[in-house]
Amino acid sequence: MTTVEKLTVLLCGYEIIPRGVSIRGGGDRFVMSLPICAYLLETREGLVVFDTGFDSSLLRDPALREEHFAQHSWEAPVVRPRHEMLTQLAEIGAAPEGVRHVILSHAHLDHTGNLKHFAHAKVWMQQAERDFAFAHPPSAGVIPRDLDKPGIDWQWVGSVSQHHVSSLSLVFATISPPERTARGTAIYSAASAFFRGVRFAFVPALPLATLAPDFAGAFDAPEPEAPPRFPSSCLR
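All residue numbers for the sequence shown refer to numbering that gives the first Met the number 0, where the first residue is 0 and numbers rise by one.
Quick caveat, the hints were computed from the structure, so don't treat them as lab data.
In this text, a Cβ means the ideal position worked out from N, Cα and C, and glycines have one as well.
Please note that the accuracy of each hint is not assured.
[As the list claims (entries may be wrong)] Restraint ranges, calculated between C-beta atoms of paired labels, are given here: (1) Gln70 x Ala134: 15 to 25 Å; (2) Pro34 x Glu66: 21 to 31 Å; (3) Ser56 x Gln161: 30 to 40 Å.
From just these sequences and the hints, can you work out the full model?
Laid out in structure tokens, this is it:
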């Protein structure tokens, strides 16, 4: 049985991206607005954050906005004051200092931006993602300084490994690009199997079906006969 007592989805803004960035073969004709989310897990052993969202200070600095978005012909994310990480944590009465562990799925800037608020925590990420983040020249979509924070207790893990964090079982695995388009089904199956009975909340408050109808439906799915194959912990 999971020791997660509550999972809060933190809506950290929206990305404006061509359909082909998210869906293989989707092309550039249509543009999608996708939520940038982080997840706060309240466990019996303390708070765990999965991904940290986007650092909105990039939007307020013309030079950084140009460097990370305009020069790539990318639309900048939309982040309103209510989407700020600290604002949302304060709204639900969770102090950043109370977060014991941070799990980063991968090194893209919409997942690492608010790590600066959790420099006291143990931070889990794959070593391959670290190598990717600090490669030279730097890859578009990655901001190395998001990760280069003094004092962080990094927990670098292998490409295929399993670890226990606050009684959570973390499964890290590589995933080849052709498999990524099917990752949604795996995520929904895993959610249905391993978070049954957990209370869910959204900040800002949204009906579950409004944010993601398919995700909401996963929790009404039948219990799988066998544990689902986990998707990669570094989804891109």
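For each hint, the structure was consulted:
no., hint, verdict
1, Gln70 x Ala134: 15 to 25 Å, "18 Å, holds"
2, Pro34 x Glu66: 21 to 31 Å, "24 Å, holds"
3, Ser56 x Gln161: 30 to 40 Å, "35 Å, holds"
Of the numbered hints listed earlier, not one is contradicted by the structure.
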